[in-house]
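Throw the hints in and build the complete structure from the sequences for me.
What follows is the residue order along each chain.
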Amino acid sequence: MPLAYIDPGAGSLLLQMMVAGALGAIAFFRGSIANFFGMFKGKKKSGSTPKEP
Amino acid sequence: MSSAEPHLSPSRRQAGSFRDPAGYVFCREGALFRAVGGECREVLSRLTEGGLLTRLMERGQIVPTGWVAEESPLCADLRRENPGFDHFLAHERLPRLAFPYEWSFSMLADAALLTLDLQLELLGHGVSLKDASAYNVQFRRGRPVFIDLGSFEKPRRLDVWFALGQFQRHFLFPLLLARHRGWDLPSYFLPHLDGLPIARVAEAFRGLGRWRPGLLLDLTLPLLMERKAARSGDGPRWATASGEGSGRSDGQALNLRRLHRKITGLKASHRIGSPWRDYPETCAYSEATTGEKKRLIGRFLAERRPATVLDLGCNTGEYSYLAAAGGAEVIAADGDDGAIETLYRRLQATPAAILPMVVDLANPSPAIGYMNEEREGFLTRARSECVFALALIHHLLVSANFPLPAIRDLFAALAGRYLVLEFVPPEDAQFQRLLRFRENLFSHITLPGCLEVFSTRFTLLEKQPIPDSGRTLLFFEKR
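Residue numbers (numbering that gives the first Met the number 0), protein chains in the order written: chain A, 0 to 52; chain B, 0 to 478.
Misleading hints may appear alongside valid ones.
Stated by the list, open to error - No farther apart than 25 Å at their CA atoms in a straight line, the calculated lysine to any residue pairs in the SDA-like style are these:
1. B/Lys153 to A/Ala26
2. B/Lys261 to A/Ala33
3. B/Lys227 to A/Tyr4
4. B/Lys293 to B/Gln347
5. B/Lys153 to A/Leu22
6. B/Lys227 to A/Ile5
7. B/Lys153 to A/Ala9
8. B/Lys462 to B/Gln347
9. B/Lys153 to A/Gly20
10. B/Lys261 to A/Ala9
11. B/Lys477 to B/Ser454
12. B/Lys227 to A/Gly23
13. B/Lys261 to A/Arg29
14. B/Lys266 to B/Lys153
15. B/Lys261 to A/Phe27
16. B/Lys153 to A/Ile5
None of these hints come from the bench; they were simulated from the model.
In structure tokens form, the structure reads like this:
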């Protein structure tokens with residue numbers, strides 16, 4: 000791996016990349032996940048909005 | 000070490016500064032400079048403009064540093080003497096240096112915490128440490144200070160820390176081995192310049208012990224990944240080191256904070272187990288005697304005003320504090336890591352110009368690394384204008400089996416000018432305590448005999464008996 004001039008330690012680097020990948024995936028899908036749950040919450044909230052002037 | 004010129008020019012490259020191709024440290028007419036390549040300069044300039052470097056300096060986290068002015072004649076000289084480099088930093092020189100194999104447990108832990116604090120702070124500015132070597136940290140007045148500004152870089156990815164593996168080898172592994180397996184730091188650091196590889200560390204934690212939660216994320220899982228990567232050759236396909244990653248740093252920050260908590264915990268749980276810890280309280284001296292000894296040494300310090308003092312067998316540093324109060328830069332050396340740990344903790348509460356070091360005088364730290372020049376040995380590094388050898392001579396005679404002339408030559412090698420020696424006669428209770436189960440080969444050791452042996456290398460300035468103790472303080476000047 001050409002990005003560190005020192006020995007990065009393959010194991011800990013791979014583990015970091017795996018965690019980073021997982022976090023990245025969560026972040027990427029967060030919008031869709033929020034939308035999914037939003038479908039249930041959203042109905043209640045939308046009912047309350049017309050009351051405001 | 001590609002360039003030969005610095006040896007001929009006034010710019011002398013430091014022997015320990017050659018691994019990173021992006022720059023190096025050199026000494027010129029007593030001042031310390033760093034040549035920095037283009038990329039590193041950009042990063043540092045941006046941090047200077049943002050005020051971060053000044054803040055880190057004010058907090059004492061990095062060594063005081065400034066740019067050499069671009070248009071100055073000095074800069075022109077440096078450019079001529081250091082081909083390939085256009086930009087230079089001027090570092091403040093630290094008065095004394097100690098290396099990780101001479102630190103106590105808390106010193107290593109604090110150096111680790113400083114490295115993590117810096118990485119966390121830099122990460123917020125899109126910058127990262129490209130290495131995490133324990134040798135990038137030194138100590139001043141009992142506080143760790145980061146010295147390798149050439150290590151600041153703009154990383155390709157922010158979601159992983161490429162230096163994490165080195166951080167583990169230089170900080171976490173030795174702390175874990177010391178805490179859980181009773182390792183000492185010289186055994187870890189002296190034979191392994193870059194620390195132990197993870198597979199070797201794992202050998203110390205076998206069987207179920209390796210699956211304890213405290214080791215899982217830093218030892219067990221990385222080891223499994225490493226083995227898997229070694230088997231598959233190129234490593235897994237998802238590991239795209241050359242990619243940009245997610246560009247987010249919060250995952251890394253989470254991990255850094257976890258490591259911070261873990262090392263803080265290790266430090267808090269470290270217990271000092273040392274017979275010398277309570278020595279000042281339990282030793283043979285009465286309070287009045289100690290007072291008189293301090294008065295005599297204090298008077299000598301006030302008269303001679305040594306700029307540097309080396310306190311050998313310093314114990315918990317009573318006399319180191321005395322020397323520091325007199326304005327000296329002090330190295331406090333003791334073979335017992337419990338004593339040095341105690342002194343280091345004392346420095347947290349009462350800072351002073353004292354550098355504590357764990358050193359066995361019978362086997363002082365050698366010069367190590369490339370050409371055996373990368374890290375200077377203790378004898379050359381610790382040389383001081385004045386050497387204290389207080390309540391030490393009986394330990395060297397009995398425990399180390401040094402004859403008197405050998406002790407004299409050791410002190411002569413370390414002392415630039417003065418030696419303050421406390422002569423302890425064989426009848427002394429502490430001397431006798433060491434002789435338990437030992438043949439008494441020391442009945443011939445007398446004060447006149449000692450003076451005669453030392454007279455070949457030292458001139459006696461003053462001889463002061465310490466009342467009610469049978470001991471004598473001898474003040475020498477080197478011939």
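Practice problem: Mind listing which of the numbered hints don't hold for this structure, in increasing order? | Solution: 2, 8, 13, 14, 15
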